[in-house]
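Line by line, the protein sequences are chains X, B, H and U. So that you can map any letter, position 17 of the first sequence is 930 in our numbering, and since no number is skipped, the others follow by simple counting. So that you can map any letter, position 31 of the second sequence is 944 in our numbering, and since no number is skipped, the others follow by simple counting. So that you can map any letter, position 152 of the third sequence is 1065 in our numbering, and since no number is skipped, the others follow by simple counting. So that you can map any letter, position 149 of the fourth sequence is 1062 in our numbering, and since no number is skipped, the others follow by simple counting.
Hints were generated in silico from the structure; no laboratory data involved. Among these hints, one or two may not hold up.
Intra- or inter-copy, both count: the list cannot distinguish identical chains.
To be verified - Below, a list of computed lysine-lysine pairs in the DSS-like style, where the Cα atoms sit at most 30 Å apart: (1) K1038 x K983; (2) K946 x K1038; (3) K1089 x K1038; (4) K983 x K946; (5) K1089 x K946; (6) K1038 x K933; (7) K1023 x K983; (8) K983 x K1089.
Protein chains: 4
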Amino acid sequence: MTREQFTRQLAETIRMYNAKGWSPATSTNYSFKDMDQAIWVSRSGVDKSQFSASDFITVNNLGNAVGEFKDVRPSAETLIHCVIYQLFPETGVILHSHSVNPVLISALRKDSIEFEGYEIQKGFKGQTTHDATVSIPIFDNTQDMIAFASTLRTNATLLENHAFIMRKHGTYAWGKDLFEAKRHLETLDYLCEAELKLAQIVTPKAK
Amino acid sequence: MTREQFTRQLAETIRMYNAKGWSPATSTNYSFKDMDQAIWVSRSGVDKSQFSASDFITVNNLGNAVGEFKDVRPSAETLIHCVIYQLFPETGVILHSHSVNPVLISALRKDSIEFEGYEIQKGFKGQTTHDATVSIPIFDNTQDMIAFASTLRTNATLLENHAFIMRKHGTYAWGKDLFEAKRHLETLDYLCEAELKLAQIVTPKAK
Amino acid sequence: MTREQFTRQLAETIRMYNAKGWSPATSTNYSFKDMDQAIWVSRSGVDKSQFSASDFITVNNLGNAVGEFKDVRPSAETLIHCVIYQLFPETGVILHSHSVNPVLISALRKDSIEFEGYEIQKGFKGQTTHDATVSIPIFDNTQDMIAFASTLRTNATLLENHAFIMRKHGTYAWGKDLFEAKRHLETLDYLCEAELKLAQIVTPKAK
Amino acid sequence: MTREQFTRQLAETIRMYNAKGWSPATSTNYSFKDMDQAIWVSRSGVDKSQFSASDFITVNNLGNAVGEFKDVRPSAETLIHCVIYQLFPETGVILHSHSVNPVLISALRKDSIEFEGYEIQKGFKGQTTHDATVSIPIFDNTQDMIAFASTLRTNATLLENHAFIMRKHGTYAWGKDLFEAKRHLETLDYLCEAELKLAQIVTPKAK
Chain X
914 MTREQFTRQL AETIRMYNAK GWSPATSTNY SFKDMDQAIW VSRSGVDKSQ FSASDFITVN
974 NLGNAVGEFK DVRPSAETLI HCVIYQLFPE TGVILHSHSV NPVLISALRK DSIEFEGYEI
1034 QKGFKGQTTH DATVSIPIFD NTQDMIAFAS TLRTNATLLE NHAFIMRKHG TYAWGKDLFE
1094 AKRHLETLDY LCEAELKLAQ IVTPKAK
Chain B
914 MTREQFTRQL AETIRMYNAK GWSPATSTNY SFKDMDQAIW VSRSGVDKSQ FSASDFITVN
974 NLGNAVGEFK DVRPSAETLI HCVIYQLFPE TGVILHSHSV NPVLISALRK DSIEFEGYEI
1034 QKGFKGQTTH DATVSIPIFD NTQDMIAFAS TLRTNATLLE NHAFIMRKHG TYAWGKDLFE
1094 AKRHLETLDY LCEAELKLAQ IVTPKAK
Chain H
914 MTREQFTRQL AETIRMYNAK GWSPATSTNY SFKDMDQAIW VSRSGVDKSQ FSASDFITVN
974 NLGNAVGEFK DVRPSAETLI HCVIYQLFPE TGVILHSHSV NPVLISALRK DSIEFEGYEI
1034 QKGFKGQTTH DATVSIPIFD NTQDMIAFAS TLRTNATLLE NHAFIMRKHG TYAWGKDLFE
1094 AKRHLETLDY LCEAELKLAQ IVTPKAK
Chain U
914 MTREQFTRQL AETIRMYNAK GWSPATSTNY SFKDMDQAIW VSRSGVDKSQ FSASDFITVN
974 NLGNAVGEFK DVRPSAETLI HCVIYQLFPE TGVILHSHSV NPVLISALRK DSIEFEGYEI
1034 QKGFKGQTTH DATVSIPIFD NTQDMIAFAS TLRTNATLLE NHAFIMRKHG TYAWGKDLFE
1094 AKRHLETLDY LCEAELKLAQ IVTPKAK
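Just chain X, same shape as in the assembly (with noise of 0.2 Å):
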């Protein structure tokens, strides 16, 4: 597949979350590594859903837009995608959401969430079986870039299953091409949609 074709997909994919709700107006960005591993993320201030193909530039790894694009605005979030290609080299695609649902599982939780049971926790690569407990990260959230990436470097360990939540922000997921890092995403999304209207459960057995 050629970038070009790629990044058709790509844009195609965060319209569709877009349509969603899972980011209003200019909220979320976005980013892949081509076959050259140069980092392309979501240019700064587009509404999402108008995104096309052609609103990708080019970061090196400290977040700062490069080349043709030097004079252009990456996404204020870059640094976190950087980090993550950093500490996890077999990435291919990071996604983010600001869908309502992580954002008020985020609201209740302290340090993490943990789901147990459920089949879809078979969509994290390396778990084979809803018999099992998943636990995803919950950071704080920060205006503080530098300062969260190094939050996520030194807390590298608890992101085994590719994804974590920033506290009534959004969710970060990623994998080795868009296919799975979307698995990811909607997997964690999935499943906070799932305790959240548990949490609303007033009368459990009424019938």
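We have chain X; now place chains B, H and U onto it with these hints.
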């Protein structure tokens, strides 16, 4: 209707259910019997938002891919489909959903869920009035498909409403054709959504 | 507007309501009066996601198919439509919905549901302010359409807001044209959704 | 961008919001200022699912239709738009929503709703961090638009976040262009949805 026309219709239904959130990423599986009574099942690992008419393969009664598809992986849950075709020979289509509604109902109930008084209950073939109680069985989930096939055979008498729930996994529903199978799957989901929302009610008479 | 143009518009509305989840599988039925005052009703057993302009048949005042459609089955609830046209002769279109919101409201109330203070109440023809109480009757469901027709005639004075709810079944709403009928159906659904969500509130002043 | 291109964009946004359920039937109204500073407002009584670029008319500062549109009815709430353009001269687009989320929040609060800690708060122009409290005023609804215009003028200092809620009616949000106005409207709706769902939580720590 030719098999090509039918698989296009079924693929469209599969993509439509994915858009509803009923099959995150690669989850769920679907099957049908063709005019020669051969069983076709969805191949494993396909993103259901991209499912196409060519993503079906033929399997034998043991759930193994045969013929030209000998080396392709059928869905892991293929054996479930084979058992349903054996227990209910008039079955033509089997659908599977990971919709959150039945998954959460199964977290709140033990062996079954009962519905009564809903007009939509008539959506289950054999039900002719709202003034009745419909029972849908809930089976524990398992990664052992041979064990689960056995569970289905043992509990065949509970499957009179052409659907069942696997705990914290999803639903299976079937019918003589796509139209009937859809009606069973959607009726069950609607009823689970209704009961779930009722269980979230705090102040029934509030105004 | 010709009848062909009108039926295409109404069929589009029917498919749109199906996409909203208001008519799972074959449920619901719709009708209109043409320029010759003939009543056309949706034929029975059509998947509403596939409903087309040619899926209407003519019936007489008793709800029986006539003319070229003599051998086609009209919707089982056709008699309800005939009674509404008789009680309210200016009616041009009648819509029916199985949306979960009013269905659940009817499980929580007895003979009626009252709304007050919502701007959207002005969506009911005759209502000119939010500062009023609007009452919508809830009738018990029944499989006996002749009995239900009688219930409607007996309670005609309660139908001043051009809509009613059948318990754990759905809503009927009507108007002089499609635009007005839609406004009545959607206004009622919106109000039921609002009251249902309010009834799920645990901590009103929580922050 | 020509006015024709702009009205096509705004009409597309209006239809998109209608598909989200934010403008049942004919509810809501929208406006923009063209390059000559003339105010264009949506005409009254149009089904927003069918709204087109030609459904705007020019009004003067008193909210009355002028010029070629002299005999067309502007939206009843046109005066609200005129006041906002006067209070905030850099405003280019004003949007209105009847989404259930803010409507229910206004049923649960008195004069305002506060949000704090959400990353999405940065969607309001002027907000630069999640670590702040954002206050959005809630005004009582009224059918007297002249009285409401006066209320807005009196409370102009509360409108610093470019949006307000009318109790059990809906929201108004504005910005220098469509992009900014959408961001304000969607940010407010997202925050109201979040707070509403939190208020439905029964067992926060349940697992």
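Which holds for K1089 with K946 at a C-alpha limit of 30 Å: within a copy, between copies, both or neither? Within one copy only: 10 Å inside, 36 Å across.
30 Å Cα cut-off: does K1089 pair with K1038 within a copy, between copies, both or neither? Classified as within: same-chain Cα gap 10 Å, cross-chain 36 Å, threshold 30 Å.
Under a CA distance limit of 30 Å, which applies to K983 and K1089: within one copy, between copies, both, or neither? both (27 Å within a copy, 28 Å between copies)
Between K946 and K1038, at a C-alpha cutoff of 30 Å, which is it: within one copy, between copies, both, or neither? within (19 Å within a copy, 32 Å between copies)
Given a CA cutoff of 30 Å, do K1023 and K983 count as a within-copy pair, a between-copy pair, both, or neither? Intra 39 Å, inter 49 Å, cutoff 30 Å: neither.
Within, between, both or neither: how does the pair K983, K946 come out at a Cα-Cα threshold of 30 Å? This pair counts as within: shortest intra-copy Cα distance 18 Å, inter-copy 35 Å.
Should K1038 paired with K933 be assigned to within, between, both, or neither, using CA atoms and 30 Å as the limit? Both: 24 Å inside a chain and 24 Å across chains, each within 30 Å.
Using 30 Å as the alpha carbon limit, work out where K1038 and K983 are close: within a copy, between copies, both or neither. Intra 36 Å, inter 26 Å, cutoff 30 Å: inter-copy only.
Violated hints amount to a single one, hint 7; each of the other numbered hints is respected by the structure.
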